[in-house]
Amino acid sequence: MVVLAMLVLVYTFNFIDRQIVGILAVPIKADLGLSDTQLGLMGGLAFALFYTALGIPSRCSPIAATAPPS
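Residue numbers for the sequence shown follow our numbering, beginning at 20 and rising by one.
Worth flagging that the hints you see were computed from the coordinates, not collected in a lab. Quick caveat, the model's predicted, so the values are computed rather than measured. From the three backbone atoms N, C-alpha and C, an ideal C-beta is built for every residue, glycine too. Hints may be right or wrong, so weigh each one.
[As the list claims (entries may be wrong)] Quick list of simulated restraints, FRET-style, between CB atoms:
| # | residue 1 | residue 2 | range |
| --- | --- | --- | --- |
| 1 | M25 | D55 | 33 to 39 angstroms |
| 2 | L68 | Y30 | 18 to 24 angstroms |
| 3 | A49 | F69 | 21 to 27 angstroms |
Please put together the full structure from these sequences, using the hints given.
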């Protein structure tokens with residue numbers, strides 16, 4: 020139950036984090052003087068790079084090496 024509660028908490032923060040960028044997109048765009056393309060790259064590319072960078076250590080861990088392929 021503790022692990023489940025921790026996973027729900029992490030998922031909730033992940034969801035809120037993604038929504039904040041969408042809610043604040045217009046003020047961020049106006050403040051930084053970004054175009055729609057630049058704003059989209061900032062939001063999408065930032066998340067993609069973040070998740071890719073955090074996914075690499077999990078693939079290189081000894082536990083991942085012994086896990087069956089997915």
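Status of each hint after checking the structure:
no., hint, in the structure
1, M25 with D55: 33 to 39 angstroms, "37 angstroms, holds"
2, L68 with Y30: 18 to 24 angstroms, "21 angstroms, holds"
3, A49 with F69: 21 to 27 angstroms, "24 angstroms, holds"
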